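> From first to last, the protein sequence lines stand for chains A, B and C. Numbering that gives the first Met the number 0 numbers the first residue of the first sequence as 0 and each following residue consecutively. Numbering that gives the first Met the number 0 numbers the first residue of the second sequence as 0 and each following residue consecutively. Numbering that gives the first Met the number 0 numbers the first residue of the third sequence as 0 and each following residue consecutively.
Incorrect hints may have been included.
[Claimed, not checked] Under 8 Å between C-beta atoms, here's a sample of chain C residues computed to sit facing chain B:
1) I16
2) V66
3) E104
4) A129
5) Q137
6) C258
7) A262
Please keep in mind that the hints were generated in silico from the structure rather than gathered at the bench. Just so it is clear, the structure is predicted and the values come from calculations on it, not from any experiment. Glycine residues also receive a C-beta, built at the ideal position from the N, C-alpha and C atoms.
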Amino acid sequence: MDKKKGKGKKMAIIISGRVTAFIFLVTCLVLFYIFMYMAKRGWKVSIRTFPAVAAIPEAIGRAAEMGKPIYYSTGYAMETLSNPDQGPQTLAGISILGYVTKLAARSGVKIYYYTCIPDSLPLVEETMRNAYLEEGKPEDFDPDVIRFLSGQSPYLTATLGFMQRERPAANIFMGGFYYEAVVMGEAGNTIGAMQISGTANTHQMPFFIATCDYAMISEELYAASAAIAQNPDILGTIKGEDIMKLVILALIGIGFIISFTGTTFLIDLLRM
Amino acid sequence: MSEVLRKEVVYLITAIVALTMIVDYFFGIQQITDAASMIRTWAVVISAMALALGTVNLMRSHGNIVRKRVPGRWFYSGVLIFFFVLTTLLGLLNINDPSSNPIYKWLFDYPYTSLGQTLYAITGFYIASAAYRAFRARNIDAALLLIAGIFVLLKNAPIGEVIWSQLPVIGGWFNDIGQVPAMRTFLITAAFGLLTYGFRTLIGRERGFYGEVGGGA
Amino acid sequence: MSQSIWNKLQMIDRRIIYWILFIILMIPFIRPLGLPVSITDQTKDLYNGLRSVKEGEAVVINISSGVSAWAECLPSLVASVKVLNQQKAKIIFWTSFVDGQLTYEAIINKVPTMKDRVYGTDYVYLGYYAGAETGVAQLAKDIRSVFTSDYKGTPIDQLPIMKNINKAEDIKIVLSSDTGDVCDYYIRQWRVPFGTPVAEIGIAMNYSAYQPHYKAGILFGLSNGSRGGAELEKLVGELGDATTTMDAINSSHLLVIACIILANLGYLATRGQK
Numbered sequence: 000m001d002k003k004k005g006k007g008k009k010m011a012i013i014i015s016g017r018v019t020a021f022i023f024l025v026t027c028l029v030l031f032y033i034f035m036y037m038a039k040r041g042w043k044v045s046i047r048t049f050p051a052v053a054a055i056p057e058a059i060g061r062a063a064e065m066g067k068p069i070y071y072s073t074g075y076a077m078e079t080l081s082n083p084d085q086g087p088q089t090l091a092g093i094s095i096l097g098y099v100t101k102l103a104a105r106s107g108v109k110i111y112y113y114t115c116i117p118d119s120l121p122l123v124e125e126t127m128r129n130a131y132l133e134e135g136k137p138e139d140f141d142p143d144v145i146r147f148l149s150g151q152s153p154y155l156t157a158t159l160g161f162m163q164r165e166r167p168a169a170n171i172f173m174g175g176f177y178y179e180a181v182v183m184g185e186a187g188n189t190i191g192a193m194q195i196s197g198t199a200n201t202h203q204m205p206f207f208i209a210t211c212d213y214a215m216i217s218e219e220l221y222a223a224s225a226a227i228a229q230n231p232d233i234l235g236t237i238k239g240e241d242i243m244k245l246v247i248l249a250l251i252g253i254g255f256i257i258s259f260t261g262t263t264f265l266i267d268l269l270r271m
Numbered sequence: 000m001s002e003v004l005r006k007e008v009v010y011l012i013t014a015i016v017a018l019t020m021i022v023d024y025f026f027g028i029q030q031i032t033d034a035a036s037m038i039r040t041w042a043v044v045i046s047a048m049a050l051a052l053g054t055v056n057l058m059r060s061h062g063n064i065v066r067k068r069v070p071g072r073w074f075y076s077g078v079l080i081f082f083f084v085l086t087t088l089l090g091l092l093n094i095n096d097p098s099s100n101p102i103y104k105w106l107f108d109y110p111y112t113s114l115g116q117t118l119y120a121i122t123g124f125y126i127a128s129a130a131y132r133a134f135r136a137r138n139i140d141a142a143l144l145l146i147a148g149i150f151v152l153l154k155n156a157p158i159g160e161v162i163w164s165q166l167p168v169i170g171g172w173f174n175d176i177g178q179v180p181a182m183r184t185f186l187i188t189a190a191f192g193l194l195t196y197g198f199r200t201l202i203g204r205e206r207g208f209y210g211e212v213g214g215g216a
Numbered sequence: 000m001s002q003s004i005w006n007k008l009q010m011i012d013r014r015i016i017y018w019i020l021f022i023i024l025m026i027p028f029i030r031p032l033g034l035p036v037s038i039t040d041q042t043k044d045l046y047n048g049l050r051s052v053k054e055g056e057a058v059v060i061n062i063s064s065g066v067s068a069w070a071e072c073l074p075s076l077v078a079s080v081k082v083l084n085q086q087k088a089k090i091i092f093w094t095s096f097v098d099g100q101l102t103y104e105a106i107i108n109k110v111p112t113m114k115d116r117v118y119g120t121d122y123v124y125l126g127y128y129a130g131a132e133t134g135v136a137q138l139a140k141d142i143r144s145v146f147t148s149d150y151k152g153t154p155i156d157q158l159p160i161m162k163n164i165n166k167a168e169d170i171k172i173v174l175s176s177d178t179g180d181v182c183d184y185y186i187r188q189w190r191v192p193f194g195t196p197v198a199e200i201g202i203a204m205n206y207s208a209y210q211p212h213y214k215a216g217i218l219f220g221l222s223n224g225s226r227g228g229a230e231l232e233k234l235v236g237e238l239g240d241a242t243t244t245m246d247a248i249n250s251s252h253l254l255v256i257a258c259i260i261l262a263n264l265g266y267l268a269t270r271g272q273k
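Isolated chain A (complex conformation):
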């Protein structure tokens, strides 16, 4: 368990041990840019349909029929947008919120948004307001539906209380969730709500899969928000991402085969 000696030693140009990473990074960025450019030039990027996203209109319809509201949340996400792992998830969740709010505004269904992330409040308010505006119903937007509670536990408790009192017809959880995932998911089941979720936090995926009717895992959350927004920038980078995943897959396969020969060529190359 000794510290790796010599790590970070500066070579002529690039720091030793980071050369392959640099080449890989540059390759990724170039590829993303190429696909983004092609997408903007009209090249069609198709993303498969996500059952969870396809179920959102169904959830809205259910809420409209039952005369009940919808609950929406983007999770605890470490209470900040600036977290590198959680922030993108929250933003993807807010992007999907815009879509859900439009459908809800169209059907006359009320959405309640609960959060404990203070820096997301202006974004959420603008997103929801714009959604009502685009549906031609700006007067229907009530800022009081956005409920902020500081801290994971108060946010969770408030959500449980809301679910028990208001009995929403559908719960939509899209974002960076922590232990509140299983509690909220199960509480939603208690009241018989239809539940749709999406998170990239590996430790909560099993709980959402167990408690929700539809669950998106890992990358699907980002891809779904891209598919909804139909933004060529995002769609292009997702395509580039898929290509790089194939490259990684090929490297893993080659590495697996090479490992039988006993050589460490590939490992040494990747550690360069």
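Here the structure of chain A is known, so what remains is to put chains B and C in place on it, guided by the hints.
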């Protein structure tokens, strides 16, 4: 300054900062390293200021609820504001060592700690009912998941070893070897997701980052 | 009649399950079982890593778990600090959680040997740092740019423990206790660029997520919630809270398994009839 120009300035600053960090990591040029260090220190300071932002938002949203006397909610918001002000004042009275104040310490040692642990503890109950409801052998995949789950549960609980000495071995295999490829997949895909997000932020195409979030329908 | 029994097995009211769980969780506290706990490789490696710290070497303990995670993380932290005290290591505590000080104070109160150690010379609590991963990255390069004093306001240069310690390369190992992704920050900003060994003391939910890192040798050890705490207590030779909790874990896990089996019996019995 026009709205467009304001956003362009934000994109430019973000791109410069991101490039500085990338160059610092790979090239180790002393001037860039010094600049990157300074930027990181600024980021830490700005993050600390986010606490103040959270405070303002909290007071604003709950203050509005109290002011409007929203039925069913204004009382709880009032309690929140009361304890917020009380804790802040107590902390400021002993700014170098707030926990030397007995009331401050009591508030954290008893209500805060107990309530926090209670909220976390209810997770166990919900997991139990979720497992009962969701773990059904509807098909082969679900049955395999069920069996693996039982082995892992018995590996975690010391009683598993008492029931059969090989139970922890099998459960350990699922935990330590069986599920590792799947977790590695999630790690790799999550890393790519972050990479693309960072790339879009770098070139100013990540709208959500700049407050332009919206969905198509 | 028999069909309704099978249907009933599938639809037991969750309140009944909660009450049974509540009761059987109480039983071990009244009458402990005291079953032996076997040691996993992950915990053994964590323990060996702590034992490899020599006298006077500096260890960072990052507290990124709140009071809600005390049941899972605190016993491991306490056991680790006991070992580090035996090794006469210098311990630097800091936190990225607003209630991290409560955890620090709980550790100090629960480790008797802290009375034999001098604050400021043998151990120090530097306080809260903001900035998430940016803060962690800056700590790796220059601790003094993030912390100018300890939590009581004593300037950092007046603390003997901090002499010649200012960056990742000056730290022997990092123990990160967290309930989320903070260990990833230390992996990315301390372990990978500077080679500083990192171990995770986390909740059971994080255990699976960090297995790939442990298997790849990126983490030198991993503690699995309360179970990890009990294993560490056994290795240290001083049984504590986590060992007591193991009995409750036994009963709760058995109940969950029983519920799953009953539900599946009911499901399989009625499946052919649908």
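> Determine for every hint whether it applies to the structure shown.
Each hint tested on the structure:
1. Look at I16/C: its Cβ gets to within about 5 Å of chain B, closer than 8 Å, so that hint holds up.
2. Against a cut-off of 8 Å between C-beta atoms, the interface hint on V66/C holds, since the closest Cβ of chain B lies about 5 Å away.
3. Here the hint on E104/C is kept, as its CB sits about 7 Å from the closest CB of chain B, short of 8 Å.
4. Taking 8 Å as the C-beta contact cut-off toward chain B, the hint placing A129/C at the interface holds, the least distance being around 4 Å.
5. Interface restraint check: Q137/C against chain B, minimum CB-CB distance 4 Å, threshold 8 Å, status holds.
6. For C258/C, the interface hint holds, the least distance from its beta-carbon to any beta-carbon of chain B being 4 Å, beneath 8 Å.
7. About 5 Å separates the beta-carbon of A262/C from the nearest beta-carbon of chain B, less than 8 Å, and the hint is met.
Comparing the model with each numbered hint stated earlier shows that all of them hold.
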